[in-house]
Amino acid sequence: MPKKEYDVLIVGSGHSGGMAANILTKKGISCLMLNAGPEADYQRDRTTKAAHELPYRGFNKPGRLPHVYQANEFNANQWVDEKENPYTHDPAKPYNWVRVRLLGGRSLFWARQSFRLSDLEFKAAEIDGGGDSWPISLDDLAPFYSRVEEIFHVTGRKEGWPQFPDGNFIEQNYPPDSRTIQKVTELCKTRGIGVSKMRSSQGEGGLASSINLLLPAAVDTGKLEVVSNAIVREITVDKKTGKANGAFFIDRHSKREMHVGAKVVILAAGTLESTRLLLNSGIANSSGVLGHYLHDQIYGVSVVASVPEARDGKAKPGMMGGSAFIPRFRNLSKAKKSSFIKGYCAIIGSGGSASPNHFAAYGEELQAKLDSYQGSCVSGSIYGERTVKFENHVRVNKEVKDAWGIPVLHIDVKDTPNEFAMAKDAADTFEELFKDAGWEILSKTDKFYPPGYSIHEVGTARMGNNPKTSVLNKWCQSHDIKNLFVVDGSSFVTCGWQNPTMTILALSMRASEYLAEELRKGNV
Amino acid sequence: MKRRRFLQALSTAPAVPALVQQAGAQQAPATVPAPAAPGRGGRGGATGQVPHIPVGTPDDSADTVAKFFTTGQFATLKKLAGILVPPVKGNVGALDTDAPEFLDFLIGASPAETQTLYRNGLDGLNASARRKFAKAFSEIDAKQADEILKPLLVQVPWVYDLPKDPMKHFVYQVHSDLRTATRNSPEANKAAANTGRRGGGGAGLFWNPIDPV
Ligand SMILES: Cc1cc2nc3c(=O)[nH]c(=O)nc-3n(C[C@H](O)[C@H](O)[C@H](O)COP(=O)(O)OP(=O)(O)OC[C@H]3O[C@@H](n4cnc5c(N)ncnc54)[C@H](O)[C@@H]3O)c2cc1C
Chain A
222 MPKKEYDVLI VGSGHSGGMA ANILTKKGIS CLMLNAGPEA DYQRDRTTKA
272 AHELPYRGFN KPGRLPHVYQ ANEFNANQWV DEKENPYTHD PAKPYNWVRV
322 RLLGGRSLFW ARQSFRLSDL EFKAAEIDGG GDSWPISLDD LAPFYSRVEE
372 IFHVTGRKEG WPQFPDGNFI EQNYPPDSRT IQKVTELCKT RGIGVSKMRS
422 SQGEGGLASS INLLLPAAVD TGKLEVVSNA IVREITVDKK TGKANGAFFI
472 DRHSKREMHV GAKVVILAAG TLESTRLLLN SGIANSSGVL GHYLHDQIYG
522 VSVVASVPEA RDGKAKPGMM GGSAFIPRFR NLSKAKKSSF IKGYCAIIGS
572 GGSASPNHFA AYGEELQAKL DSYQGSCVSG SIYGERTVKF ENHVRVNKEV
622 KDAWGIPVLH IDVKDTPNEF AMAKDAADTF EELFKDAGWE ILSKTDKFYP
672 PGYSIHEVGT ARMGNNPKTS VLNKWCQSHD IKNLFVVDGS SFVTCGWQNP
722 TMTILALSMR ASEYLAEELR KGNV
Chain B
516 MKRRRFLQAL STAPAVPALV QQAGAQQAPA TVPAPAAPGR GGRGGATGQV
566 PHIPVGTPDD SADTVAKFFT TGQFATLKKL AGILVPPVKG NVGALDTDAP
616 EFLDFLIGAS PAETQTLYRN GLDGLNASAR RKFAKAFSEI DAKQADEILK
666 PLLVQVPWVY DLPKDPMKHF VYQVHSDLRT ATRNSPEANK AAANTGRRGG
716 GGAGLFWNPI DPV
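Going down the list, the sequences are from chains A and B.
Going by our numbering, the first sequence opens with residue 222, and the numbers climb by one from there.
Going by our numbering, the second sequence opens with residue 516, and the numbers climb by one from there.
To be clear, the hints were calculated from the coordinates, so they are not data collected in a lab.
Each hint should be verified, as a subset may be incorrect.
[Stated by the list, open to error] Below, a sample of chain A positions facing chain B; criterion: calculated Cβ distance under 10 Å: (1) 269; (2) 409; (3) 450; (4) 521; (5) 584.
[Claimed, not checked] Taking lysine-lysine and the DSS-like style, the derived pairs with C-alpha atoms no more than 27 Å apart in a straight line are: (6) B:604 to A:535; (7) A:665 to B:679; (8) B:665 to A:668; (9) A:484 to A:224.
Note that this is a predicted model, so its numbers are computed, not measured.
The C-beta atom is built at its ideal place from N, Cα and C for all residues, glycine as well.
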């Protein structure tokens, strides 16, 4: 049978691949989507179970998923199996790479916090001199953010703050803040810190994924074919034209190798998988920066306090409960400098309980404390921007292969003094704030998780105007191979403190519309 | 009890015989049942509704065989379980839920680093009891146990930054593991269901292996 050739081959089915398929197929462009893993059947694959019914009483199988701190015995099967699909790192430089290969990728499980980047990030070099600027600004991306926010049904409160750009939000009637949240807001105000509300994708039916919000419309056009269990191992290039012409992939079950042809290739396999694929294919790296500038955010810094008047069940109605969101407030202008560059956001939660770890006690004494502190706690935790550095990189480790014989990634990332200074500032700030509120500090930690934990890894095929210092141009298109695009987080120049998915979606939408137009003009 | 649930399940099986449904689905002539094609019909080839047989967990019917720790270590672990997680305010305690037996299994299946932490920790407590009270840890009274354990207790505000002192680290870990093993036990689950109180490990959505290779 003659081989089919598709207009566009899309590798990956998560937010980024789903958006590319949605945009391109609606313009009549035929797409083949290859996805490394199977489809989840929400009826068949999930069962309600009690912890004691699980083989390890909820502890998880020892040694399984050592890098996925988010894993527990209930959800262990949703993550990529680290034995089948390993990666390497120096033990002294841990990296937590959290992956999902199901159809829909991580869009099935993300927490849906939805932010725009601001020009503080897009134009970072001009503002604080730390890191580089993107080749685009908020103005370029704003129309795409608006359309993404509409598709994902994003809720949020508009504030008019440049560091926290407003969007096309569904207006929500927030219930009145509890008195503890009001107190935090007042104290922040005296320090010039703005307090807002979380911005979040509502999606539909509790799911804001590619499989319910993006792929169904693409399927309806009749222009999308999806093949699951197809692990792409190499992008192929026509030696004569220098253009990408398809990919080799391996059937996950049988390990049969296949080749598919396409006029254009879009990588949407998630930042590090797309980068691995480019490195293993030996393409798109005339700049030498492919795999470099890997970054994400610091998570884990937190302060927990207890409100004395709320202890022993004495909280009056309206005293506890609710939450607040504090967008970046440090280093907003060149003039105001602190001991570190960049900044962090904070999430304040009220009405939680103390954990047994807060007390050096056991038995009856511990139980009495837990009962007394129940519902009396206020916590503050942060997401902070990590430094973007050339040295933080991934490379192929030819010595180690995955279950399909594909060389794995070696990840080499180290935090800098900036991260530690930022974490200390955050812990000190919230400790002082909670103390000023008259609350008892139960715990304060300026420690944070290893890189990767935030699940916001980005930057390894950065975009830029200069082909000597960047992999992609401002349309997420390879400088070297004009019919090759990378639409996941690989293109980021900096991720800021913001969770990246709204930006990934907006960039994928923008790149796909550009590609459709270039195809129409016969330019690729 | 099990037999009764089995019969109940059978009584909810479909009233229409499976064969008729299967024949209907295959559109075979009503009078002549279609021969079972290889791999369909016959054993494992049911196409109709199949009775649901209720099954239990091993803990419903049997005891864990503790075999990882030495007799002395296990006696120390049992003593610790009674002290650190006693039955308080109507909650079940670690000893009511065979948490030490469960941890014997869990630690036996854990990486070497965890096994060493536990073995050295249990031996360390025993040595300390012998030094202070000339008795095994398993034989000391509650006051004596407090004297050994209280100086080893620490607050752990950040679960990935554990105490550097191996004995403090061990006491934190065993306390935390005993609490989880107790809370997630069938007994705690049953007690919580009976009293309507919080305390059992509760239920969650479990993802089955999805199309494994
Ligand atoms: C628990 C959790 C919470 C999160 N919370 C938030 C949040 O609140 N806000 C936010 O902005 N972000 C959040 N994220 C991150 C967010 O999910 C990701 O940024 C986003 O989904 C990435 O989309 P993607 O399409 O780039 O990659 P992915 O979703 O990883 O999709 C990549 C797809 O590519 C496929 N693939 C990989 N390799 C190959 C190959 N070789 N061949 C073929 N296919 C391949 C995979 O099967 C996968 O389906 C969270 C993530 C998780 C897991």
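For each hint, the structure was consulted:
1. Given the 10 Å rule on beta carbons, the hint for residue 269 (chain A) holds: about 5 Å separates it from the nearest Cβ of chain B.
2. A hinted interface residue such as residue 409 (chain A) counts as satisfied when its beta carbon comes closer than 10 Å to some beta carbon of chain B; here the least separation is about 23 Å, so the hint is violated.
3. The beta carbon of residue 450 (chain A) is positioned within 10 Å of a beta carbon in chain B (closest approach about 8 Å), and the interface hint is therefore held.
4. Interface restraint check for residue 521 (chain A): the shortest CB-CB distance to chain B comes to about 7 Å, inside 10 Å, so the restraint holds.
5. Proximity of residue 584 (chain A) to chain B holds as hinted, the smallest CB-CB distance being about 5 Å (cut-off 10 Å).
6. Simply put, residue 604 (chain B) and residue 535 (chain A) have alpha-carbon atoms about 20 Å apart, close enough for the 27 Å limit, and the pair holds.
7. Distance check on the hinted pair: residue 665 (chain A) and residue 679 (chain B) sit about 18 Å apart at the alpha-carbon level, within 27 Å; holds.
8. Annotation: proposed proximity of residue 665 (chain B) to residue 668 (chain A) holds, straight-line Cα distance about 26 Å (limit 27 Å).
9. A C-alpha spacing of about 13 Å is found between residue 484 (chain A) and residue 224 (chain A), which places the hinted pair at or below 27 Å, so the restraint holds.
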